[in-house]
Amino acid sequence: MTTPAPRVALLYPGDRAARDLADPAASRFAALFEALAAAGVRAEPAVYHDDFADEVAAQLRGVQSVLVWCNPIEDGRRRDLLDAMLREVAQAGVLVSAHPDAVLRLGTKDVLYETRDLPFGSDVHRADSLAQLASELPQRLRQGARVLKQHRGHSGIGVWRVERAGDGDLLVQHAQRGYTPQRMDLAGLMATLAPYFAPEAGGHMLDQAWQPRLAEGMVRAYLVEDRVVGFGVQAVNALHPDAPLPGPRLYHGPDLAEFQGLKQQLASGWITLLRERVGLAHEQLPLLWDCDFMHGAAGADGTPRFVLCEINVSSVSPFPPSAITPLVEAVGRRAGAPRPVAD
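Position 237, counted from 1, in the sequence shown is what numbering that gives the first Met the number 0 calls 236; the numbers after and before it change by one each time, with no gaps.
Honestly, I wouldn't trust all of these hints.
[What the hints assert, rightly or not] The calculated lysine to any residue pairs, modelled on SDA-like cross-linking and capped at a C-alpha distance of 25 angstroms, are: (1) K262 - W209; (2) K262 - E215; (3) K262 - G301; (4) K262 - D49; (5) K262 - D116; (6) K262 - A296; (7) K262 - T179; (8) K262 - E282.
[Unchecked claim] What follows is a list of derived Cβ distance ranges for each label pair: (9) R139 - P23: 36 to 42 angstroms; (10) E135 - A21: 46 to 52 angstroms; (11) D127 - D49: 28 to 34 angstroms; (12) G39 - P180: 52 to 58 angstroms; (13) R332 - P118: 24 to 30 angstroms.
If you're looking for bench data, these hints aren't it; they were derived computationally from the structure. C-beta atoms are modelled at their ideal positions from N, C-alpha and C, and glycine is treated no differently.
Please take these sequences and the hints and turn them into a complete structure.
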């Protein structure tokens, strides 16, 4: 008796027309659809919107696994309804990657605070109220610029560089593209940041020391489970006061010579330390995720050092071509295995 080919859904946001007309060959995941088909996996698009969440849920109950690409905030909508639906289908035995629990443990800015004492960690504080931030921030600003980050977001939304202007005011820069630096006093800054302390926005912010080498760009390490499968290199200078606009991200395979030290650090223990710190079993690692690193101060012997900026789990796209084969292999390997549910 022939075993049926495993079915996998690729979930990404869109409207009614996008769902009705979904064509794998015309999607941004065309190469992945093609590779899955070549491996004997029946892959199908699952275009998602809150307005037809029940329809998508019914579709997902008929597949063995679902790969999810959906930002924390998409067209003004949060992921609450989507996450609840993904938890339900996971409970029914469908492999969901990334599972909402893995997103919360890895893919929010809280991971910077949780791992501040691990390799790649930095000077990070957590402010659980606006009053706490107003009380503690001025002292930290005396040591240099800080970067304040909302609990969960993307594309620079809710990320602010703050430094003393020298005359009692503050110079404040939002990382979202198109914003220019503003001068304001502490009260004005607190009024600007107040929405991030609302319960629906996470209720807190993270405060990370500014990394002066940001103008040199950032490196993104792409991972399939615990395996480094590629790199993305970009001059991400959105918060640097004197830098030009960011250029395109350049994609490379996992053997890029410049970052073999980083690859070795990730593979030789840091991912395990990270998992243990945030409370994830190995089987709960996302099938595809990435870590953004800034250049830190080199060691006394000149050894390069990298500083964790964020981890992306919700919507890792685009990604280097070198990630496709390992991702397809991981889907095939885990599609039939029951997925443990996080506590």
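Evaluated hints:
no.	hint	result
1	K262 - W209	holds, 24 angstroms
2	K262 - E215	holds, 19 angstroms
3	K262 - G301	holds, 18 angstroms
4	K262 - D49	violated, 38 angstroms
5	K262 - D116	holds, 19 angstroms
6	K262 - A296	holds, 18 angstroms
7	K262 - T179	violated, 35 angstroms
8	K262 - E282	holds, 21 angstroms
9	R139 - P23: 36 to 42 angstroms	violated, 49 angstroms
10	E135 - A21: 46 to 52 angstroms	holds, 49 angstroms
11	D127 - D49: 28 to 34 angstroms	holds, 29 angstroms
12	G39 - P180: 52 to 58 angstroms	holds, 54 angstroms
13	R332 - P118: 24 to 30 angstroms	holds, 28 angstroms
Of the numbered hints listed earlier, those contradicted by the structure are 4, 7, 9.
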